[in-house]
Every structure is written in C-alpha cells, then in structure tokens.
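Asks: Could you put together the complete structure from these sequences and hints?
So the protein sequences, as listed, match chains A and B. If you count by the working numbering, then the first sequence holds residues 761 to 1075, one letter each, in order. If you count by the working numbering, then the second sequence holds residues 761 to 1075, one letter each, in order.
In short, the hints are calculated from the structure, not lab data. Do not rely on the hints blindly, as some may be mistaken.
Stated by the list, open to error - Partial pick of chain A residues on the chain B-facing surface, computed with a CB cut under 10 Å:
#: 1; residue: Phe764
#: 2; residue: Pro766
#: 3; residue: Asn767
#: 4; residue: Leu786
#: 5; residue: Gln919
#: 6; residue: Leu923
#: 7; residue: Leu977
What the hints assert, rightly or not - Think about it this way: if two alpha-carbon atoms lie no more than 20 Å apart in a straight line, the pair counts; the simulated EDC-like pairs of lysine to aspartate or glutamate are:
#: 8; chain 1: A; residue 1: Lys815; chain 2: A; residue 2: Glu825
#: 9; chain 1: B; residue 1: Lys1063; chain 2: A; residue 2: Glu921
#: 10; chain 1: A; residue 1: Lys1063; chain 2: B; residue 2: Glu921
#: 11; chain 1: B; residue 1: Lys876; chain 2: B; residue 2: Glu789
#: 12; chain 1: B; residue 1: Lys831; chain 2: B; residue 2: Glu849
#: 13; chain 1: A; residue 1: Lys846; chain 2: A; residue 2: Asp797
#: 14; chain 1: A; residue 1: Lys1063; chain 2: B; residue 2: Glu849
#: 15; chain 1: B; residue 1: Lys1042; chain 2: B; residue 2: Glu789
#: 16; chain 1: A; residue 1: Lys957; chain 2: A; residue 2: Asp918
#: 17; chain 1: B; residue 1: Lys1063; chain 2: A; residue 2: Asp918
#: 18; chain 1: A; residue 1: Lys876; chain 2: A; residue 2: Asp918
#: 19; chain 1: A; residue 1: Lys898; chain 2: A; residue 2: Glu849
Think of the CB as a built atom: it goes at the ideal place given N, C-alpha and C, for glycine as much as any other residue.
One letter stands for each residue in the lines below.
2 protein chains.
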Amino acid sequence: MSSFPPNVVIREVGLRDGLQSIQTILPTERKIEWIADAYAAGQREIEVGSYVPAKLLPQLADTAELVAYAKTLPGLLVSVLVPNLKGAERAIESQADLMLVPLSASHAHSLANLRKTPDEVIAEVARIRAARDAAGSKTLIEGGIGTAFGCTIQGAVDQTEVLRCMQGLLDAGADRVSIADTVGYGGPAAVRELFGKARAIAGDKFWCGHFHDTRGLALANVYAALETGVARFDATLAGIGGCPHAPGASGNASSEDLAFMLADMGISTGIDIPRLLLLREKVAQWLSSETLHGALWLSGLPKTFAHSSTATLNA
Amino acid sequence: MSSFPPNVVIREVGLRDGLQSIQTILPTERKIEWIADAYAAGQREIEVGSYVPAKLLPQLADTAELVAYAKTLPGLLVSVLVPNLKGAERAIESQADLMLVPLSASHAHSLANLRKTPDEVIAEVARIRAARDAAGSKTLIEGGIGTAFGCTIQGAVDQTEVLRCMQGLLDAGADRVSIADTVGYGGPAAVRELFGKARAIAGDKFWCGHFHDTRGLALANVYAALETGVARFDATLAGIGGCPHAPGASGNASSEDLAFMLADMGISTGIDIPRLLLLREKVAQWLSSETLHGALWLSGLPKTFAHSSTATLNA
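Replies: See the structure below:
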C-alpha cells in the first residue's frame, strides 16, 4: 500500500474562498487577528485575499493591507488570488509570496466566471510570468485548475482536458499547478486517478489539492490525494465557503477537521489543534449569522489524542 | 495502488444504532414504512433492532415485530443485535438471518456497557453458537468488536487486543467478525492498518466496518477500509446516532452520503439514491426534533451523476 507524506501543509483559504462566499463582511482588524492567531496556531501558508475589483468582491477589498500585515510574520507564505495580469501586478507590487491564477477546466464555467476560455487564461499566465520576471519579482505563480471534476453549468469535464490545461499552465511559466474540485463533484477514486496522473506530469510542481465538502467527501478526497504523494491542501476554518448553486450546503474542507485527520495519521502539519479550535470559536462569533461546518469543534479531540503531535514544523 | 471491491453492501443500522441513541420513539408502523422504503430503494441488509430488555431501550421494544415484517421481504438479510444468550434465543426463535453480538475491545468500556469482560463475551458467543446449533437454526452469528480505536473511558485500545478478541470470537464459533469505531476515534491510516491485519486473520469472515462520523472521518475511513478489500459497511440514514459522550456531535456514517461516494467510485451498492433521499425526507419529518446529519440531502446529486449506476444488485 502507498505510504503517506511525512509532512503536509494546510493552506488556510478561509480569508479568501471562505469570506468571498458569505454575506458577512469581516472588518480588516478582525482579519488581521485571524491571520495572527492562525500563525500562532502554527499555520504557515495563508491565502489572505484576492486582487479583484472591490466592487465585485467588497468582502476582499482590504487584500493589500492584509498582505502587508501578513508579510511581517516570519516564515509565513502569503498567497493571494489574482484573476488576471492587472491583479498580478498588484500582487507583485505588494510582494505577495505566491499568486494563484484560477483556470476553469470547464469551458462553460470558465466563460461564465472568468469571461475567458481556458486557453485565454493560459495566455494570461504567460503575460503574468513575463511581467513577474521583468519586475525581478520573487512572487510565485500558481495555476489553479478548478471545476476539475465537473461543474454545475457544463456537467462533465474530461480528465484529458484538465491535464491539457495543466501542461499549458506549466508551459506558460506557472511555477506551481493545483487542482480544485470547485463544486464538490469529485469522489476519492476519481481523485486518486486524476491526482496520480497530474503528479506524473507535473512532479513536484504539483502543489495543492482543493476540495469542497459539498457532498461530504472532502476528507476522503484528501486521503486519496495523500496516497498519490500530494502534501498540500487548501482548507477553511469552520469549513466556511460553499457553493452558490447549493445554498446551505457544506463549504470547503474544514481546516480543523483536516488537521485532526492528518495528526491522527501521524502526519506533521505544525498546527496546534487546540489553539486552532480556540480561533474557530472566535471566528464563529464574528460570523454568527453564517452557517459553519466541521465536526471536531463539537466532539472535541479524542482522549487518546497525543498533544505532542502539535509539532513545530516550519516554526 | 489497491483496487476496490466491485460490489459493496451498505447495511442500514439506523433502526438500531440510530434510534437507540435518540430521544424520539418511532412507532412500529413508521419503522415498518422505513424498512419497506429502504427495501424499495434497494437496501438488502437491515439491522432492525436489538433483543434487549424493553426497559433498557424502549425505543427498540418492537424488535420482534420488525423481524417478522422484514422476513416477508424476499432477499432481505434481517439482522438484530443481541447482547447475550437470552437475546440470541429470541433471535433464533424469530428466525433473524443474523445476530450481532457486541464485544468492546476496551476492557473498561466492556465492563461499563456490557457488564462483562471481553473474554466473558467470547465465552457467551460460544454458548450462543452451541444454542444456535442445538436449535438447528440458520441464524448467522456476527461478533462485532467495538471501541476498536479507543474509547472515552479507557482511552487507548491496543490493536493486538482487538485482534486477540477477533481470534477469540472466531474460535468461539462466530460465523462473521466486524470492527466498529464506536466513538469516532479512528482515522484512515489506523483503519487501513487494523482492517488489513483483521482481513489477514479472518479472511472472508471479516464482514463489516462500522464508523461514526464524530470527527468527520467516517467516509475517509470507509475509503481506507475499501482499500483492504472490506465490502460491507454499517451506516444510518441521515447519519442518525451519535455518542452520549459528545452531545450534538455527528452520528454514524450517513447511508445516503456513503451510497453516493460508492456510486461515484463505480462501486455497485444496488441502492437507488434518489429514492433513498426521498426516504430521508420522510424520516427527517418523523424525527423533526432530532439533529440529523449528512451532506448530500442539501446539495443534491451532481449534474454528472449517472442514474444508471442505481443498478439492481441483489434485486
């Protein structure tokens, strides 16, 4: 049987994928408190926002301030989402450590959400790479392939198209590529197959898995991806997020449940789970009008849980 | 990488493990409607109740009536839980197809819940086997090893003790053995390891995995167990059940979410998921004062879901 990676990074995307999907607009000082507490709990990669026009996503209008704050925390890898060259220029200017450029493998979803075809996104990534290099910037470029297991508009998405897009992103100069199950259509057998192929193509440039728990399979999907050697996963505290096409449905994989699963598997994440649960309580108060998710906050850690597993990876 | 079993049975235990854990006492006619609808949706193994004294579990006092009804459905494997020889005699008398005898691998939990040591339960299984054979009965005996990943009283439970109990049950004459994570302490790496060893000992007599979603890991655990070749899982509609030590926490693996995961993996269960979701709506009305679980009922099936996968296994 497959072995598992000894260390796994949980990239916190609650401040971006989480907050952009809910109504509550969290004030900047609370987001800063969230970042500070997540850092104190051992999280070392955080996607703090998106460089998109504030009129489109007022929830994320303070992204530049958050990048500036997050950059003050030693050893924190600060990510932002950028939809295009204009956003990338802001990411480069603010010295974000990584910018994620989303691509929808679903042609229909791509046109509806990004107003570009997948190939136009690939061409934009080439322009972003040129701009990054011209600026002498160190900001990493991650091509994130969404709707990789199908989408609510187009329905099925072929694996071959996902892998073609991935190769296109790499050829265009992406430093990293990732795969996202944007709408929670994927199950663990499909994940194991697609992630295995993706790793075979991209090797260590295959960076991250992003799963939504829309149909309860996020953690099973992480487990399947772990077996292919993938060692980085997006997740959101309290599983916030969700899908506009499935109101009330579960959101992203929950950071705290994922941290528990990994710790239970003997995989080091550097996360102090009790501290993360305290942060969850705080965020739950801030987002008291929103539906939150996850299971661990209700049950607590098992009596058998070894608190020594809250190792200080990346500390 | 491991292959998966082509067919998997979801044994519905909502009428036993689910109903015994909640306050609402469901009238017999509704339980019969549940069994009838589950059968119509393709479920072919149902644990309908427990032969325990009605004063202990008034929710399950009508078990004999339910066995009698369930036995009228062609091809349905009718299970009951029996805590001791007295219960087993009732199961034999009512011609249940299978009786599950619970054993707690946690010595402390065993004394607290069953008032017997694990070895005393093994001795009781030997008496049950003798009684079954003396009666010329065909009722199968399943030894179900609970708290196999630890428990809330004792804490850690050694794998070696779980496997020793399993061998003891087989030696005492159990036809089948199963493993249960009674309190949701297990994660997928531990499941893969323990189930792999259990299968190596018991072979095809290893019958069933039983997971609680207390910490959100039930489906990841099923996936890990599938990789060891186990092809039968307990689950409850709407994930009812739960743990008295974690009020409000998630219950058993949800039958409908599990059915979706397996269908998505191309594994046949014989279950018509849309019909099962209709039954869930009905049960949710009956149990309107209870906390229900699961994700699929909120999100619905993906647009890409092949309804032809609702094959008629065992029909």
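Asks: All hints, please: hold or fail.
Replies: Right, here's what the structure says about each hint:
1. Phe764: 7 Å, holds
2. Pro766: At 12 Å from the nearest chain B Cβ, Pro766 (chain A) fails the 10 Å test, so the hint is violated.
3. Asn767: 15 Å, violated
4. Leu786: 24 Å, violated
5. Gln919: 13 Å, violated
6. Leu923: 18 Å, violated
7. Leu977: 6 Å, holds
8. A:Lys815 x A:Glu825: 17 Å, holds
9. B:Lys1063 x A:Glu921: 19 Å, holds
10. A:Lys1063 x B:Glu921: Answer holds: Lys1063 (chain A) to Glu921 (chain B) is near 19 Å, not above 20 Å.
11. B:Lys876 x B:Glu789: 35 Å, violated
12. B:Lys831 x B:Glu849: 17 Å, holds
13. A:Lys846 x A:Asp797: Violated, at roughly 31 Å.
14. A:Lys1063 x B:Glu849: Violated. Lys1063 (chain A) to Glu849 (chain B) sits at ~37 Å, over the 20 Å cutoff.
15. B:Lys1042 x B:Glu789: 13 Å, holds
16. A:Lys957 x A:Asp918: The hint holds at about 13 Å.
17. B:Lys1063 x A:Asp918: 14 Å, holds
18. A:Lys876 x A:Asp918: It holds: about 19 Å lies between the C-alpha atoms, which stays within 20 Å.
19. A:Lys898 x A:Glu849: 12 Å, holds
Checked against the numbered hints above, the structure breaks hints 2, 3, 4, 5, 6, 11, 13 and 14 and satisfies the rest.
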